[in-house]
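Let the hints inform the model, and build the full structure from the sequences given.
Residue numbers (the numbering used here), protein chains in the order written: chain U, 1 to 201; chain W, 1001 to 1404; chain F, 2001 to 2653; chain C, 3001 to 3109.
What the hints contain is simulated information worked out from the structure, not anything from laboratory work. Keep in mind that a hint or two might mislead.
To be verified - Derived pair list, reagent style DSSO-like, types lysine-lysine, alpha-carbon separation capped at 30 Å: (1) F:2424 x F:2347; (2) C:3075 x C:3023; (3) F:2424 x W:1078; (4) F:2347 x F:2427; (5) C:3023 x U:166; (6) C:3083 x C:3023; (7) C:3083 x U:166; (8) F:2347 x F:2542; (9) W:1174 x F:2158; (10) F:2542 x W:1078; (11) U:166 x C:3075; (12) F:2347 x F:2197; (13) W:1078 x F:2427; (14) F:2347 x W:1078; (15) C:3083 x F:2197; (16) F:2542 x F:2197; (17) F:2424 x F:2542.
To be verified - Examples of chain W residues toward chain F, derived with CB under 7 Å: (18) 1057; (19) 1222; (20) 1246.
These numbers were taken from a predicted model, which means no experiment stands behind them. No residue lacks a Cβ here, since even glycine has one placed at the ideal position from N, Cα and C.
What follows is the residue order along each chain.
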Amino acid sequence: MADAAAVSHGHGTGTGLSNNKLLMWTFLGSECLLFGGLISTYLIYRSRFGDGPAPGDIFDIPFTSVSSFVLLMSSLTMVLSLSALQRGDIRNNRIWLLTTALLGALFIGGQVYEFTTFLREGLGYTTSPFSSAFFTLTGFHGVHVSLGIVMLMSLLISSFRGTLTKERSETVEIVGLYWHFVDVVWIFIFTVIYLVPSPTS
Amino acid sequence: MIPKSQFVPRGRRSGRFAALVLGGLAVLTGCASDAPLDTLEPQGPIAQTIDELSDPVFLVAGIVFVIIFGATAVIWWKFRDDHSTDEFPDQVHGHFRAEIGWTIGPTVLMALIAVFTLLTHFDINSEDREDIVVSVGGERTSWDPEVVVVGQQWWWEFRYYFDGLDDVDLSDPKHLPPADIVTANQLVIPTGSEIGLQVTSRDVIHSFWIPALNGKRDAVPYRVSPWKIEAVTPGVYFGQCTEFCGLSHSRMRMQTVAMEPVDFQAWIDEQVQPASDPAGAAAQRGQVVFEGQCTRCHVVNGINDDAGADLVANAAPNLTHFMSRTTYAGGIFDLYEADGSLSRPQLEAWLRNAPAEKPAYAEGRRGMPAMGLSESQIDDVVAYLTTLGSSPSMEVIAATEVDR
Amino acid sequence: MSETTANPIGVYTRPKGNTGWRDWITTVDHKKIGILYGATAMLFFLIGGLEALLIRLQLATPDGTVLGADTYNRVYTMHGVTMVFMVIMPLAAAFANYLLPLQIGARDVAFPRLNALSYWVFLFGGLFLNMAWILGDAPDGGWFAYAPNTGTIFSPGKGMDFYALGLQIMGIASLISAMNLIVTVLNMRAPGMTLFKMPVFTWMILVVQFLLLFAVPVITVALFLLMFDRNFGANFFNPEMGADPLLWQHLFWIFGHPEVYILILPSFGIISEVIPTFSRKPIFGYPFMVFSGIAIGFMGWGVWAHHMFVSGIGPISIAAFSVSTMFIAVPTGVKILNWLATMWGGKIRFNTPMLFASGVVSMFTIGGLSGVTHSLAPADTQQTDTYYIVAHFHYVIFGGALLGIFAGFYFWWPKAFGHLLNEKLGKWNFWLMLVGFNMTFGPMHILGLQGMSRRIDTYSPGFGFEFWNMFATIGAFIIGLGVLAFLLNVWVSARAARHAPPVGPDPWDARSPEWFTPNPTPVHNFDDDIQIEALDEFWHRKYGQDENGRLVRVATAEEVCQDGSATDTHLPSPSYWPIVLAAGLPFIGFGLMYSLWFCVPGGALVLMAIYGWVFEPTDDPDGPHGHGHHDDHDDDGAADEAAAEDAEEAPVG
Amino acid sequence: MSTDTAEHVDTHDEAHDHPSDRKYVQVAIILAIVTALEVGTYWMESVPGEVLIPVLMLMMVYKFFYVAAWFMHLKFDSPMFTKFFVAGLILATIVYGIMLTAFEFWHKG
Ligand code: HEA
Ligand code: HEA
Ligand code: CUA
Ligand SMILES: [Cu+2]
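If you want it as structure tokens, here you go:
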């Protein structure tokens, strides 16, 4: 009877929206406050680099631009994979899922490279409030991307086991929401942290 | 003795009244004169300004409370179910106008209070200082009266720079530039002048508070916060560190000693003198011990300079004029007995094993360690310490007494 | 309408899954979870109360020697942390879990397993934090843990690590349950129940969940930064390296102020149910009640720096925050006056729930008014960090939140356990608590204004503090007697109920939809969907108007109530994985503190649980774990991912 | 509401108003162009900060909402989702904005 109720009273009562999707959106709303806090911390500390390297000295804008671009494009491939699945095109769905994961991995690779370069140039995690805030913010973002990759790989596995079907495209959509969110956070970070001129020592 | 209070605050009764209503216990308040930290007994114009804001608000709060509570009591009584009828009460669902009324009413009331709050707020945060002419080492200077207040675990340091603070770099509280006067736990000010304070800390956050003279201001490490203080009548005004600062937070007190300007000048004259070599064999032996053991932390002008102590805070009380203070160790011990003689057993106990007298993490380089002195060494060091500075007036000594 | 009934898989067989401890640890039933929350929180309440009694013993006389400075600092810190995070919040969660689905006419919450997860995470977080006592290093930095006193230099022990990690873990619990309940309220309401037909309690809980949703991440950030400072040498709060200690204060209080409304609003919700019922009138001004709750929720975000009036932020900031704080009195005042107006003209029965609710109205007002006196920044420079503040917040928290929760206990006890609590003991409970409470905290106003600082382990004679401190200590023990009366009541009533007839469906002549179910609530909640036409639907089915427009009873409660006889309702199946997942978190915590090796079993547990969770067959907990016929069943798959992500990300970072 | 029926209805609806892959690619191209413009400012050293920063912010906000609108489907999905997201965003912006103000961030830069 519940089924009947759900359908027939759909508009009067619930929102008619999927629980899962709503859950993901509430979560993303919450994440805004998390990243907001980290970004603000960074902004407050970006000029407090002590004797260590300053952000303006050390950022490699061309390099980061490339990896930002990579992440941006992964959003495209993500949405393409969803749209493929919604059409029932399992093959393309898999291809785009994999591409997305690879692009994400490429981004993470770029971040690892960036971090090691910074380390070599004398910017350790404990060097200054600036360095701590920088690594924490971008590290948090990196962890989010990495978790996204894990989710994408799980989807792929699930797809190969035959359980990721057109009917379940919502799962892909929800992972996609997460993925795009991580992307827009980076859009923010890239502009505000990298492109806006930073203090130099 | 120094009169405790001639400064008669206005509007006090209402505040007390409301406080009592809030406490719900109207009868039994203690007499305030034995409460040296009382916030409702302002002794200076700044505290007075605050009091004049809060008293009426206490009153308003008291009235609101009486109204609400009265109404509640009436309702409870009048509308209790006395089983006299089976009638159902009217099923009233609301009354829009009434509700709008009691939305707007409090809004207006709060807006009114807000106006006065802002006026007072900007008043007590404004600077209204006038230069004071003092003579320092025989030279007359015009001093913009500001004192640097430095908190550290668990005592206060006060630094006087008679050339003004414009050229003094306060950005690193652990390495402050040498000052004309450095003292501890008792802030000495002249009466009748607004004294600026620059409050900072060397380790964790503390809070500087002399309730009779002004509200509090946190001492935040590596931040310098302006504050001010003013006393009208000479006296000793008590204070307590009010931001939790670790183990001995409760034992971190301070006092403000307000003096007539002439007395203040005399105080300056004494304080700017460096220590001279003591007379007397015991004191001389004591000095040797002191130089061997104590100067690694403590400064005595004329013996060692502001070198920085072997402590997390990088500082221990400057002892050059130790005897000119009436209290020590964060203002928790009296240095003198009521008759003006040295309170020797307590001081000896302190030198024997300071952490036993006042909890500290001495092994963590916070607070004064047990120095492991022999009893005769302690006697000698006490003899030496008594040569450092001259004792204050009996008035000040008497006014310091709290517990007796 | 729960998602399981939407994916019909398996029939819940009552006897099998419904008895014994196995059932309690695997349950996903919101009612059981509610009870678990409540019982756990009451246990922590005894611990927190014991700590309070120790505080009072130490302060009873000047130069007290009961605890010593070091222990005292740990005791009061743990008292604050315990009471806030492990007592009031979970008690509110207990009511929210138990009642919210019932009040909206739902079969369960939207994500039953996530619900179980949030309880277990809370429990393990709380145990983890209290483990600090056993391991000899309870946190000692005060509940708001101001930096840099909480850094490794000034707090070298493990205490503050317990604090940071423990709160972090409990934050995960709050966040999960906030998301879950928001979705539940939005999506699972009974047919006809529009948002503005929801009971006020549900509304207040909804507002609280939004506050949690947005406030928890802020303290999460703060705790992460603290943890990185302490464990990995970061420089967020190390002023010597150029950091600013005020950053911590901002982050903490951006969370902390919404937090105090998180503490109070559930209680406001509870008494908004109790007062109408016992006044026999509808709530006065329902829309105002709802909107003022929302307004409090909003305004609560703009006032945090009133905790920082003396910290040295600029005068302009102080002025702005001072004024914004004052206006919070407005929506709160609307509530108080609307409760009074609800009682006005009513026929008030002073049963125990109503006594407690009336206590809230008057006692909270005292606390609120002292709050207003703090909001005047200049006045607060005298008040802050004195016992005047301690008086304020105990009046709002104890006099507001806790008394309200006790009102809820007495009111809904029959709903959960099928019998009433004893009225006589209930009155003892109430009066002892009320008198003791006023004796304890009333004098603190005076002490504070006389200049007694808070967080001092001792005071000297001569400051005028002696009398009232002794008085307050006596009061605290009277509160203790009140608490004992409650415990006694629980026991006595349960025993008495064995021989007494059942309470029947409607002991209070209640109003809201949770009373459509029989007492105690059957596992499946509702036999049938209820069709909601109005606020107070339950009441409206019992009463109508006769030809003269007079109110008359048209139906008995038995006629209106469902009889709980439905047997074929599809229910979510129990699961092991929530508890397993949660059990992994403390290990990860220990790993970060002692040796990263502990993280291995912790992480393994978490991973195993996530895997198990995702691939769990949903019909029978004891059945074979093969792949069933409902492969497509993954109703909270995304939720799992979100949760898993939190769970992993939070402690590992 | 994840009944099979509801889901079915959902997908059905989506098929109607979801943009085509072509549209997605177009969106991506626009995003790429804006990014290129943004990065381009890096070499414009002569532009003063007062001009540069607002322009950068504008482009960032544009990208941000463009992704949210198209890739996250907020443009055609239920406004409820937008509300959650925007609520978080606005709250974060205001609250942290005030916090930065308290740190005098805007003066000191
Ligand atoms: C349940 C929790 C709770 C609640 C609801 C409140 C409610 C309020 N609080 Fe309180 N507060 C705390 C818990 C709470 N507080 C805690 C725990 C602390 C200390 C933290 C710590 O330092 O450890 C604290 C500290 C605190 C401070 C900081 C004090 C300091 O440390 O210096 C301030 C300052 O403004 C403040 C203000 C207020 C105000 C204005 C309200 C308002 O919401 C109150 C509004 C209610 C009323 C005003 C009463 C009813 C209204 C009427 C009857 C209408 C008519 C009234 C008027 C027109 C005035 N609170
Ligand atoms: C959130 C809710 C809450 C509650 C309910 C309470 C309840 C009580 N609190 Fe509160 N308290 C806080 C929150 C709360 N507190 C906070 C946040 C702080 C600030 C901490 C800080 O500064 O960091 C604080 C601080 C605080 C202080 C100040 C400490 C200081 O600054 O130095 C004091 C002092 O008296 C105090 C006393 C009490 C008392 C007597 C009770 C009583 O009401 C307690 C009543 C309960 C009992 C009496 C328990 C009864 C149990 C039994 C009788 C059974 C015996 C036990 C067993 C069988 C195991 N508390
Ligand atoms: Cu210093 Cu408290
Ligand atoms: Cu607050």
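A quick look at each hint next to the structure:
no., hint, result
1, F:2424 x F:2347, "holds (21 Å)"
2, C:3075 x C:3023, "holds (13 Å)"
3, F:2424 x W:1078, "holds (23 Å)"
4, F:2347 x F:2427, "holds (19 Å)"
5, C:3023 x U:166, "holds (21 Å)"
6, C:3083 x C:3023, "holds (24 Å)"
7, C:3083 x U:166, "holds (28 Å)"
8, F:2347 x F:2542, "holds (18 Å)"
9, W:1174 x F:2158, "holds (27 Å)"
10, F:2542 x W:1078, "holds (27 Å)"
11, U:166 x C:3075, "holds (22 Å)"
12, F:2347 x F:2197, "holds (24 Å)"
13, W:1078 x F:2427, "holds (21 Å)"
14, F:2347 x W:1078, "holds (9 Å)"
15, C:3083 x F:2197, "holds (21 Å)"
16, F:2542 x F:2197, "holds (17 Å)"
17, F:2424 x F:2542, "holds (29 Å)"
18, 1057, "holds (6 Å)"
19, 1222, "holds (4 Å)"
20, 1246, "holds (6 Å)"
Violated hints: none; the structure is consistent with every hint.
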